[in-house]
Amino acid sequence: MHFESLSDFFAMGGYAFYVWLSYGAAFVLLMALTIVSVRGRKNLFNQIRSKQAREQKLKAYRTGNKSNEPET
Amino acid sequence: MWKWLHPYAKPQRSYELASTLLPWFAVSSIIMLVIGLVWGLVFAPVDYQQGESYRIIFIHVPAATLAMSTYMAMATAAFVGMVWQLKLADAAAAAIAPVGAVLTAVALITGSAWGKPMWGTWWIWDARLTTELILLFIYIGIIALHNSFEDKVLAGRAAGILTLVGVINIPIIKYSVEWWNTLHQGATISKFDKPSMPSEMLIPLLINMLGFALMIGALTLIRFRNEVIDRNSMRPWVKKLVEQENQ
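Here the protein sequences come in this chain order: S and C. The number in the numbering used here is simply the position in the first sequence, starting from 1, with 14 added. The number in the numbering used here is simply the position in the second sequence, starting from 1, with 47 added.
Among the hints, a few may not be true.
To be verified - Derived pair list, reagent style SDA-like, types lysine to any residue, alpha-carbon separation capped at 20 Å:
hint, chain 1, residue 1, chain 2, residue 2
1, C, 134, C, 59
2, S, 65, S, 49
3, S, 65, C, 292
4, S, 56, C, 289
5, C, 286, S, 66
6, C, 199, S, 76
7, S, 71, C, 134
As the list claims (entries may be wrong) - Away from chain C, derived, C-beta distances all over 12 Å, residues of chain S:
hint, residue
8, 25
9, 63
10, 72
11, 73
12, 74
13, 75
14, 76
15, 77
Read the hints as simulated data drawn from the structure, not as lab findings. This one's a predicted model, so the numbers in the text were calculated from it and none came from an experiment. A virtual CB, placed ideally from N, CA and C, is assigned to each residue, including glycine.
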């Protein structure tokens with residue numbers, strides 16, 4: 015163990031701001047990318063689902079219309 | 048001889064392979080990063096010149112080095128996509144680009160935060176920093192091109208051209224600290240020399256490098272799966288997948 019105490023560790027020999035800024039920024043950016051990437055899957059699945067629902071509705075509407083048409 | 052490779056040109060097989068690999072990459076990267084970061088932050092000795100501020104190296108160097116490696120991986124995928132018109136290669140290139148962009152941003156921010164206490168300035172327009180900033184802009188341009196076209200084949204071609212042109216920037220970044228005078232220090236780890244670092248610092252740095260590489264792999268796999276689904280949303284296997292997820 016390099017540091018004497020916990021407060022010593024957080025102080026980083028007077029460079030606390032720069033060290034923790036680096037680690038914080040890296041963590042936030044990489045976390046954001048991970049969350050966006052994982053959510054992308056859910057969004058895609060929802061898109062595909064709503065598209066399918068729309069198509070099915072349209073199909074039902076078309077076939078329904080056909081049966082209602084008067085025969086000539 | 049290469050016949051075993053052939054089925055992986057099918058989107059479904061690639062998707063399944065990515066799904067199999069993903070947990071291994073994710074878990075091993077988290078383990079490596081926890082070991083490497085705790086070792087680097089808590090156990091590694093202090094630098095005799097830079098004091099505790101040098102601990103930024105444990106994220107700055109992996110991010111900066113791998114931002115370049117990631118670019119070369121993306122360029123390889125883009126090249127394969129352009130020459131052999133392999134749609135999956137374009138999907139891979141599109142999946143990698145945002146990962147590389149974030150790595151470059153991390154390298155720039157951590158570099159800035161390291162430069163302020165050591166050089167006395169957040170930023171200097173020297174060769175290393177400027178070319179690294181250009182790398183970020185190229186990455187952003189590639190992402191923009193991938194998203195600018197409804198037609199993914201066209202998008203892949205446009206982004207591929209920019210990717211291949213942008214390769215010229217990579218050797219300039221790598222050798223900028225040798226070719227031009229700069230505040231930036233030279234490479235710590237090199238293939239040809241002994242590393243200019245004691246092993247108590249070098250080992251956690253190498254563990255972190257491996258952790259970052261595995262994390263890049265995991266993020267790329269997540270994004271690659273999304274790209275494959277997006278490009279094959281009308282296929283029966285994707286529809287089946289969506290139904291399964293619904294339940």
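Against the structure, the hints:
1. Of the pairs offered as hints, the one joining residue 134 of chain C and residue 59 of chain C holds, with about 13 Å between alpha carbons and a cut-off of 20 Å not exceeded.
2. Proximity of residue 65 of chain S to residue 49 of chain S is assessed by CA-CA distance (about 24 Å); at most 20 Å being required, the pair is judged violated.
3. Proposed proximity of residue 65 of chain S and residue 292 of chain C is supported: the alpha carbons are some 16 Å apart, at most 20 Å.
4. Pair hint residue 56 of chain S plus residue 289 of chain C holds up; C-alpha atoms about 10 Å apart against a cutoff of 20 Å.
5. A hinted pair counts as satisfied when its Cα atoms are at most 20 Å apart, and residue 286 of chain C with residue 66 of chain S qualifies at roughly 9 Å.
6. As the CA atoms of residue 199 of chain C and residue 76 of chain S are separated by approximately 31 Å, the hinted pair breaks the 20 Å bound.
7. For the hint pairing residue 71 of chain S with residue 134 of chain C, the CA-to-CA distance comes to about 32 Å; that exceeds 20 Å, so the pair is violated.
8. Its closest Cβ contact with chain C, about 8 Å, brings residue 25 of chain S to no more than 12 Å, contrary to its assignment away from the interface.
9. Consistency note on residue 63 of chain S: stated as away from chain C, yet its beta-carbon is not over 12 Å from all of that chain's, at 6 Å minimum.
10. Interface exclusion of residue 72 of chain S from chain C stands, the closest Cβ pair being 15 Å apart, more than 12 Å.
11. Every C-beta of chain C lies more than 12 Å from that of residue 73 of chain S, the closest at about 15 Å, which supports listing it as non-interface.
12. Once the 12 Å rule is applied to beta carbons, residue 74 of chain S is consistent with being away from chain C; the minimum gap is 18 Å.
13. Its beta-carbon lying about 20 Å from the closest one in chain C, residue 75 of chain S satisfies the requirement of being farther than 12 Å from that chain.
14. The Cβ of residue 76 of chain S lies farther than 12 Å from every Cβ of chain C, with a closest approach of about 19 Å, so its non-interface assignment holds.
15. The claim that residue 77 of chain S lies off the interface holds: its Cβ sits roughly 20 Å from the closest Cβ of chain C, which is beyond the 12 Å cut-off.
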